[in-house]
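Novice: Turn these sequences into a full structure, and let the hints steer you where they fit.
Protein sequence lines correspond, in order, to chains A and B. Per the working numbering: the first sequence = residues 572 to 1572. Per the working numbering: the second sequence = residues 59 to 259.
These are calculated hints, taken from the structure and not from any lab test. Treat the hints with caution; some may be incorrect.
Stretch-level coverage of chain A by chain B, calculated; a stretch enters the list once three of its residues show a Cβ under 8 Å from a Cβ in chain B [claimed, not checked]: (1) 723-735; (2) 1181-1191; (3) 1247-1259.
Virtual Cβ for every residue (Gly too), placed ideally from N, Cα, C.
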Amino acid sequence: MTSRRLESGGFVDRGKVFEFKFDGRTLKGFAGDTLASALLANDVAVVSRSFKYHRPRGIVSAGADEPNAIMQIGKDDATLPNLRATQTELYNNMVARSTKGWPSVNFDVSAINALFGRVFSAGFYYKTFMRPKRLWRCYERFIRSSAGWGSAPAGNDPDEYAHRNAHCDVLVVGAGPSGLAAAVAASRTGARVILVDEQNEFGGSLLSEDTTIDSVPAMQWLEKTVAELSNCETVQCLTRTTAFGYYDDNFVAAVERCADHLGKPPGQTVRERLWRICAREVVLAQGAFERPLAFCNNDRPGVMMASAVQTYVNRYAVLPGERAVLFTNNDSAYFAAVAFKKAGGLLAAIIDSRQSGAGVTAVTNAVDHGIPIMNGHLVTDVVGKKRVRKAQVAQWSGDTSQTIKNTVSIECDLLMMSGGWSPAVHLHSQAGGKNIWDETHHCFVPGETLQQNRSVGAGAGQWSLMECLQRGGDAGRTTAEACGFVVQAGQTYETPQDQENPIEPLWRVPASRSPDRCAKQFLDFQNDTSVADVRLAVREGYRSIEHVKRYTALGFGTDQGKLGNINGMGVLAEALEVPIAQVGTTTFRPAYTPVTFGAGAGEDIGEIYDPVRKTAMHEWHEMQGAPMEVVGQWLRPWYFPQYGEDIHAAVARECMAARNSLAIMDASTLGKIDVQGRDSVALLERIYTHDVGRMAVGRCAYGIMLGEDGLLMDDGVMARLGEQRFYLTTTTGGAAAVLTWLERWLQTEWPELDVHLTSTTDHWSTIAVVGPKSRELLQKVGCNVSLQRENFPFMTVKDAELGGFPVQLFRVSFSGELAFEVNIGSNYAMAMWELLIDAGQEFQITPYGTETLHVLRAEKGFVIVGQDTDGSVSPVDLKMNWLLSKNKDYLGKRSLQRADLVRTDRKQFVGFVPVDGKTVVAEGTQLVNDPLLPVPTPMCGHITSSYASACLGHPIALGLLQSGHARIGEQVVAAQSDGTYVDMQVVSPVFYDPKSERQNV
Amino acid sequence: MSDSLKRHHCLEPFSEDSATIGSSASAEPAIRVTFDGHREFYNLRGDPADAAFTDAVKSFTGQSIPDKANTLSYRECTTCWLGPDEWLVVYPSFEAGRFEKFSTELDSTDATAVDVSHGYIVLCLSGDSALDLLAKGCTLDLHLSSFNVGDCVQTGIARTAAIIANIAEGDHYEVIVRRTFAEYLAIWMRHAGAEFGIGFD
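Specialist: Below you can see the structure in the form of structure tokens.
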């Protein structure tokens, strides 16, 4: 294999040889190479196959616009699909694979598609696979398997990712000459500057071009400038960092590839870091993309962008061919041709489509290097399949509508092309900026901006080096000044001045046949979209560029049309017979280049995916081997198995302990809110449905709150601690929402109320001591207040000292048994819990978890908001009319009178017992009146809670049933998911102790 | 049993298995984290224009409440501004009966105080990379030019709410977080700090 590496020059380190594998072949490159430059150095012409026709494809560009060299990099779970070889830095032992072509890029069986190119036109899939409809499933399998680039790893990503927030006065995107000038100018004012560039080193076009700044070689200027920036404390320089998204409020997202160039990142190294940058001012200096030319077979390997050739020659010291032809419609490419010639390549001819050719500087330069120039000529076609062999050249009058018959062949293995330049207006557009068509340079340039950003350099249609430096420096000073920094006089730069002739647009190249019948003239290489496809779309009635894009897939690939879109718009404009400005661009959306999922996720994976909240007694529960249940962000013990018990046995034992003796539960997860201020009663009267003001100090009450729709939102016990002081509890999951709800009303609707709300959920831990022996237990550990019924009746609260600890003691019950809830400062909670457990041994104190909690309350018919209710249940449906005060107004009250809420056939809350006395139906099971009715059988309700009840000796269920309150005593049928039916007796939801005597003892 | 034996802060289980992550054991890590789980915290609500309230607080704490947004005052206790009518008073150690006295002091005013001492813990951060760590999880600009000694802010760090207080020159920050989110935050710090080197005391 030929080495195309030059003996000297470039920025590669010839002393550091990297071995790498490409499609199984072992090749060598140097440190400083990209995968693309290393492949070119090894004379690898075919790197991929195209999407639709499986045509062999080679490297076209040297940057983010590369459509063909899309690679799968790395092995196993660290593998990355669809990376651009042109932006992938080579490292030792890299393993790269083409993402297209089977069995190989050199022999691809699907290349047969190319023979049917005319059939596989735009819209082929839409038209062909629509019918018969039933066969779509079959088609889909084959179509899906042939789509996509690369494969995702099967296992977890082994690499580390991170997020980073950053703030600055001036963010400069792009470190070419204009970006560097902007960053230097801004930094000299003392402004905080962040400079990002996607390449491994700063310099941009200066790294590829042979020029001078202030009479010294540009490289010297570059070194000096980069040194100044990196030594400046207020400047953050980020290489290998792509600003990929520009969002509202001058918020820019960028991804830094910290370790991609190292292969396997060592140890704790972050592989990629997502920067979230808030900038006061943004300078966009992203440069421009060179446009291809749409001649026949312009996708053959060996056809490359002229500027890319210049980059490979000057920066990577690679000569991508031996004998080249340049085809151009503008002056800039002449310098690429000269660079190729100077490096030792043969340049057969410059084919310039313009009748008058290039300006003096370009022409003199070419002539000095002995390069023949043919003005008013075209390359209409190339010969060669896996590599260009000949260019077909013809004279041209300048009339695009004519066909061209007489061509001559010029032998070459490299065809350099340049169709002019398109500014990278991506971020400007994402920021909401408009683009305007520049009639002189024939490109879209940034117009009006909506945010604090400005574009400079080639990205703003400023083409000369002098202009880039000057405008860049101006932008740096202006933005720093806008941030309030004092600006010194501007710096001037001295650069060589070129005399140029203007570009003449050439959106498609005339061929030997009409553009609809000639060989493929590709616009978008990655998606195989051709000139003929765009014209077909117009014939089929598409007018909008957005529709044409979707019909032809123009600009859909990983390069997002960076290469082909403007040519496509030119072709569309011609076919529609409108000016290109009227066609406009498609929408620019983030991301500018693909971003890995890893960078998006950052560190928020695994154990820190979401906060896990644990109670103060959590360690004790874990020591007991209690399985945990996730409730919101909380972990709560589910049940406490003993001696290999299953959940059923454990829950039955725990329930019986609570009913017969003594049980204890960690209820700390309840939401708790302290309410104080002189209007506390007034606020709570409006929020809760019962008469809050009638509660005596020291009393507790069960309260519910409704949404404005009159439907149940949350519930809990509240206690009146003082005239204007309350303690509210909420459901575990509802705590934050309830506090927000209260604050919302207080702050936005009733600011005249003087009420202070404080969350005390974390401060207090709550221990429920439940069962007939609970009073004895508290007495045993020592309580300074009388616990007797007459002194401490049901539904009251007292400040007390328990076992030497200060506590709030509530006589409340969520089980129907005699019970106390102990509120204790969380730092003491574990000590209190252990004290109660030790003292409770003589009563066989039994800890229980959420499952037993649910069974105990279900036996009493207590509702759990969010389980028995679902946001469509009113308090009347729950038979909670006794809680609805008629003496006052409260949120949701009026809605309770709405026609739909007073219907008698609403789903209402009732209890159920299986007639067979043994089946525990699944929660969620649908209820029907008559299972024999034809499908779809009308459903009349569903089961919301269902348990085996140890103390009752049979299963119980709660649920919502149409007209349920009137149907007590009837039977309905539970239709189980396995197709069987269970007859259910409709009963009162209160199964146990219907007179509620036990909690009052 | 003495009070200190009965008190357990929420990061005791975390401390037991924490160590220096991300840098060699001998080198001083770029971030040090210590836990202070036994301070007292009072949530204070009142109208700063009400002299009765401000005087009462001043006579008890010996310092004025900070009236400038996102600042703190510091003497015997730290008082952090949380909102136009809300502050967090932090005493460095527990003293039985102090809150009751404070509360009584406010009785004659419209202001209120709630003892939330058991609801918070402080993670004290120091070291060259302390700000880098915070910048990974906090979207605010904590650069000295906008967040100086004497500043505090209620914000989010990673996926939890917290108060960050800049209490001393030279990269010392206190992160005040709710008890049940503290373990998450400590684990987050252990992950996020690994690239700099982080040690827990």
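Novice: Check each numbered hint from earlier against the structure, then list the numbers of those it violates in ascending order.
Specialist: The structure conflicts with no hint, since it agrees with every one listed earlier.
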